Amino acid sequence: MKMKTLVMAASVAALAAGGAWAEEGKVKVGMITTLSGGGAGLGIDVRDGFMLAAKMAGNENLEVVIEDDQRKPEIAVQLADKMIQSEKVDVMTGIIWSNLAMAVVPAATAQGKFYLSPNAGPSALAGKGCNKLYFNVAWQNDNLHEAAGAYANDAGYKNTFMLAPNYPAGKDALTGYKRTYKGEAAGEVYTDLGQTDYAAQIAQIRASGADSVFFFLPGGMGISFLKQYANSGVDLPVVGPAFSFDQGILQAVGEAALGIKNASQWNKDLDNEANKEFVAAFQEEYDRLPSLYASQGYDTANLLLSAMDKADVSDEDAFQAALKEADFASVRGKFSFGNNQHPIQDYYVREVVKEGDVYTNKLVGPSLTDHADAYAADCKM
Amino acid sequence: MSLILLIEQVLNGVQSGIMLFLMAAGLTLIFGVMGLINLAHGSLYMVGAFAAAAVAAATGSFLLALVAALAAAALAGCLIEMTVIRRLYDRDHLDQVLATFALILIFSEGTRFLFGSFPLFLDIPSALSGPVMLPGGIQYPLYRLVIIGVGLAIAAGLFLLIARTRIGIQIRAGEADREMIAALGVDIAKLYTLIFALGAALAGLAGALVGAIQSVQVGMGEPVLILAFVVIVIGGIGSIKGALIGALLVGLTDTLGSVLLPLLFANFMEASAATSVGSSLASMSIYILMAGVLLFKPTGLFGEA
Numbered sequence: 001m002k003m004k005t006l007v008m009a010a011s012v013a014a015l016a017a018g019g020a021w022a023e024e025g026k027v028k029v030g031m032i033t034t035l036s037g038g039g040a041g042l043g044i045d046v047r048d049g050f051m052l053a054a055k056m057a058g059n060e061n062l063e064v065v066i067e068d069d070q071r072k073p074e075i076a077v078q079l080a081d082k083m084i085q086s087e088k089v090d091v092m093t094g095i096i097w098s099n100l101a102m103a104v105v106p107a108a109t110a111q112g113k114f115y116l117s118p119n120a121g122p123s124a125l126a127g128k129g130c131n132k133l134y135f136n137v138a139w140q141n142d143n144l145h146e147a148a149g150a151y152a153n154d155a156g157y158k159n160t161f162m163l164a165p166n167y168p169a170g171k172d173a174l175t176g177y178k179r180t181y182k183g184e185a186a187g188e189v190y191t192d193l194g195q196t197d198y199a200a201q202i203a204q205i206r207a208s209g210a211d212s213v214f215f216f217l218p219g220g221m222g223i224s225f226l227k228q229y230a231n232s233g234v235d236l237p238v239v240g241p242a243f244s245f246d247q248g249i250l251q252a253v254g255e256a257a258l259g260i261k262n263a264s265q266w267n268k269d270l271d272n273e274a275n276k277e278f279v280a281a282f283q284e285e286y287d288r289l290p291s292l293y294a295s296q297g298y299d300t301a302n303l304l305l306s307a308m309d310k311a312d313v314s315d316e317d318a319f320q321a322a323l324k325e326a327d328f329a330s331v332r333g334k335f336s337f338g339n340n341q342h343p344i345q346d347y348y349v350r351e352v353v354k355e356g357d358v359y360t361n362k363l364v365g366p367s368l369t370d371h372a373d374a375y376a377a378d379c380k381m
Numbered sequence: 001m002s003l004i005l006l007i008e009q010v011l012n013g014v015q016s017g018i019m020l021f022l023m024a025a026g027l028t029l030i031f032g033v034m035g036l037i038n039l040a041h042g043s044l045y046m047v048g049a050f051a052a053a054a055v056a057a058a059t060g061s062f063l064l065a066l067v068a069a070l071a072a073a074a075l076a077g078c079l080i081e082m083t084v085i086r087r088l089y090d091r092d093h094l095d096q097v098l099a100t101f102a103l104i105l106i107f108s109e110g111t112r113f114l115f116g117s118f119p120l121f122l123d124i125p126s127a128l129s130g131p132v133m134l135p136g137g138i139q140y141p142l143y144r145l146v147i148i149g150v151g152l153a154i155a156a157g158l159f160l161l162i163a164r165t166r167i168g169i170q171i172r173a174g175e176a177d178r179e180m181i182a183a184l185g186v187d188i189a190k191l192y193t194l195i196f197a198l199g200a201a202l203a204g205l206a207g208a209l210v211g212a213i214q215s216v217q218v219g220m221g222e223p224v225l226i227l228a229f230v231v232i233v234i235g236g237i238g239s240i241k242g243a244l245i246g247a248l249l250v251g252l253t254d255t256l257g258s259v260l261l262p263l264l265f266a267n268f269m270e271a272s273a274a275t276s277v278g279s280s281l282a283s284m285s286i287y288i289l290m291a292g293v294l295l296f297k298p299t300g301l302f303g304e305a
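Taken in order, these protein sequences are the chains called A and B.
Mapping to the UniProt record's numbering: the first sequence position 149 is 149, numbers consecutive.
Mapping to the UniProt record's numbering: the second sequence position 297 is 297, numbers consecutive.
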């Protein structure tokens, strides 16, 4: 807490000073993320992971300004304008949601600002719309679903019922799953975004004759679905991306999630030094287990710090080259950027388990190795 | 589609309608009697769910959790009625919308301040968990049947309260002519607080009942609030009977629409396009229903001009 307050105070002071001009070696980061409203848990985790890495590095040249977008695109756009025009930030980061990223990122890169995405990875920015100032440090949106599909093949599922909300990321989810999954579709259903009652869909699953269920329902939607599914008497195996089984959500789902396999690029028991250090430091600092989102925020900050050691942010080409080297110890182990500056990394299968009183994930095994995204070929860079 | 699946979906529609009724009943009473648009009604639903989750976590008893939900929502209702809402009765609807919207923000941030940003856990009591076998071989979750039962009992209780008791007479009189009943010596301020607390308690109860099968999180009330407004517009403002019929209509249309429309389109379209078009149309179906009702009955099914 103390650290956060200090940083906040520093940012406020900087604001009061009327936008200090960039000095040699200094990098000013503008973080726009979701800190209030329904999706706040994700933004808070990204922020905490990022600030933890900044604190551990102790680099005085790094200055961070944090603002809350309330998950609203119009507010994110206003904040971005303010950060670029009056705060004169060099690098932007923090956005969680793809629709907000699409509203902010193209404008920011057009004005010569670097953007490092700690979460959202819309396909439009990975293919034709790739940009040399835009780096994605998390994944392209389809990736975790592709990893879930690869797992479904390994598990021998032949007839999956698929479920996702009716919005672009939901359609990407089914596309991603079907890209790797080789079996039949027992049914494909798009639900309303923000839907809370899944009784109708669960009845369809029961009647469909499926042998497995794939779902992408982020946030509260996933909590509702899993609780209702567990209580319905349908006991087909469920598989999905990590978003519905994340540390912040699992405690609210409880027993209903136990044993479910999900796909992720990270887990807290991933065996590498950087990850052990991160998990221990995060628990020490914030007194809770880190989530996927916290790990992405942490990696984003470390990527930025590694580039700051090599180049000055005012030299755009040199700084871009330094970022692209990805010369930092990622908590995911292996990490590099493809030609479209999206990750090439391994994906894993995790299983929800109970450790003491806490529901969490355990690593089961690899799903996809050295996996890039399907849009990289469209990127002319 | 088999008959069993259809019956199961009808049950699902009835159950979601009953939950909507608990929200809409309070909203329609408050609007009908006091002429107040209360956007913060969804926040009272959230207060109920959070109170239930907190008490269930502390005591392990679902029954105590329900009592806590009723009490907390009623208390929150009394509090905002006496401090804020009371000043709004004579103002126009725009002022009411602004002030109660501010209350939504205050409740949301207050809840986050108290409980944090992560969703809370609230589960069905073990006695009510799992499915039961209905006649005809339909497997249906017991808890949802209980919700239907509780909702119908509350609907019956409300009808009796309004039709047969002294308070009911005062409520109906207040709806018809508030100056007159004030002149007859009824303490109108107290009556309003009471109605507001009653509406709030119903919303809180709905929040707790639904919270057990959904996600207890900040902002959970707003999507339900929108549906509840659709319900009272369809049913006719101020009518409890209208709220019940409207809620069932909305619940059934929503549930059956999302199941049947994609199937309908699959008859003459390619599968994935049918899913996409059908789902999009299904999410519009209740608004089309509302527009249809308003076309033929501009005051709603049971509303008076």
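If you are wondering where the hints come from, they were derived from the structure by calculation, not from laboratory data.
Certain hints may be false.
[Unchecked claim] Derived SDA-like pairs (lysine to any residue); straight-line CA-CA distance at most 20 Å:
#1 Lys-88(A) x Ala-107(A)
#2 Lys-72(A) x Leu-105(B)
#3 Lys-82(A) x Pro-106(A)
#4 Lys-324(A) x Phe-337(A)
#5 Lys-171(A) x Met-269(B)
#6 Lys-72(A) x Asn-166(A)
#7 Lys-55(A) x Phe-337(A)
#8 Lys-171(A) x Met-284(B)
#9 Lys-132(A) x Asp-287(A)
#10 Lys-158(A) x Lys-182(A)
#11 Lys-178(A) x Ala-271(B)
#12 Lys-171(A) x Phe-265(B)
#13 Lys-178(A) x Ser-276(B)
#14 Lys-171(A) x Glu-222(B)
#15 Lys-354(A) x Ala-176(B)
#16 Lys-178(A) x Ile-226(B)
#17 Lys-82(A) x Met-56(A)
#18 Lys-158(A) x Met-269(B)
#19 Lys-178(A) x Glu-222(B)
#20 Lys-178(A) x Met-284(B)
#21 Lys-171(A) x Ala-57(B)
#22 Lys-72(A) x Ala-273(B)
#23 Lys-72(A) x Ile-226(B)
#24 Lys-128(A) x Cys-379(A)
#25 Lys-362(A) x Ser-232(A)
#26 Lys-171(A) x Leu-281(B)
Predicted model, so just to flag it, every value in this text is computed and none were measured.
What hint numbers does the structure not satisfy? Numbers 7, 9, 14, 15, 16, 17, 18, 19, 20, 21, 22, 25 - these are the hints that the structure violates, sorted from lowest upward.
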